[in-house]
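**Student:** Here is what each chain is made of, one letter per residue.
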Amino acid sequence: GAVVSQHPSWVICKSGTSVKIECRSLDFQATTMFWYRQFPKQSLMLMATSNEGSKATYEQGVEKDKFLINHASLTLSTLTVTSAHPEDSSFYICSASLVDKQYFGPGTRLTVL
Amino acid sequence: GENVEQHPSTLSVQEGDSAVIKCTYSDSASNYFPWYKQELGKRPQLIIDIRSNVGEKKDQRIAVTLNKTAKHFSLHITETQPEDSAVYFCAASKGINAGGTSYGKLTFGQGTILTVHP
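Chains A and B are the protein sequences, given in the same order. Numbering-wise (our numbering), the first sequence opens with residue 71 and increments by one. Numbering-wise (our numbering), the second sequence opens with residue 18 and increments by one.
So here's chain A without its partners, still in its complex pose:
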């Protein structure tokens, strides 16, 4: 139980394009999902909290117009990286809350050329 999927697992795009990443809770409903970013050999940095049916809450320093989050249903949240640049290249991981535990997706490796 408590399985979270993420799609795609990796993506390569050109600078200036937009990329959408999907996060799904497969066997439970998640009112709250979270988006993290992880650079090599570093910890997970929370980008934003995604709440079903309402606007996401962004952490300080995260541009909400660049990282668009939509949580349209209790099992799906999406992160869109708009006008991606090479510095946006990273490992993006989502998690979904079940009670007070968080279960993580497998991550998406984004490479911007």
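FYI, nobody ran anything at the bench for these hints, they're computed from the structure. All C-beta atoms, glycine included, are put in the ideal place defined by N, C-alpha and C. Some hints here could point you the wrong way.
[As the list claims (entries may be wrong)] Part of the chain B face toward chain A, derived, beta carbon under 10 Å: (1) Y53; (2) R60; (3) K85; (4) L123; (5) G126; (6) I130.
Knowing the structure of chain A, use the given hints to seat chain B on it.
**Tutor:** Okay, now just chain B, sitting in the frame of chain A:
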């Protein structure tokens, strides 16, 4: 906001030895402390967690202790095996009692690279 410090950053042990990783947190309102194991390129996996109303929790070879007064908690792995080699992260949150949009928000430690030598 919450700040979580984790030590050591790297830990190398021989198979069969014990490993201990320590974390401190700053926000006394934090009440939920999970530990995650992350293998290279994989997702973090929850291995054990503890709530603030408990001082110790054990699951086979893994145990976690919590000292609320000192605001620190530790992960103990006994009889380590090579497959325990990974990066371990501690985290803290206000858990189920949090209000508003920060419900369950986790603050992670910096991570510990554990290497178990056969």
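**Student:** Would you mind marking each hint as holding or not holding in the structure?
**Tutor:** Each hint, compared with the structure:
1. Y53: Hint holds; Y53 (chain B) Cβ to chain A Cβ min 8 Å, cut 10 Å.
2. R60: With a closest approach of 4 Å, the R60 (chain B) hint holds.
3. K85: Since the shortest Cβ distance to chain A is 17 Å, the answer is violated.
4. L123: For L123 (chain B), the interface hint holds, since the closest Cβ of chain A sits about 6 Å away, which is under 10 Å.
5. G126: 7 Å, holds
6. I130: 8 Å, holds
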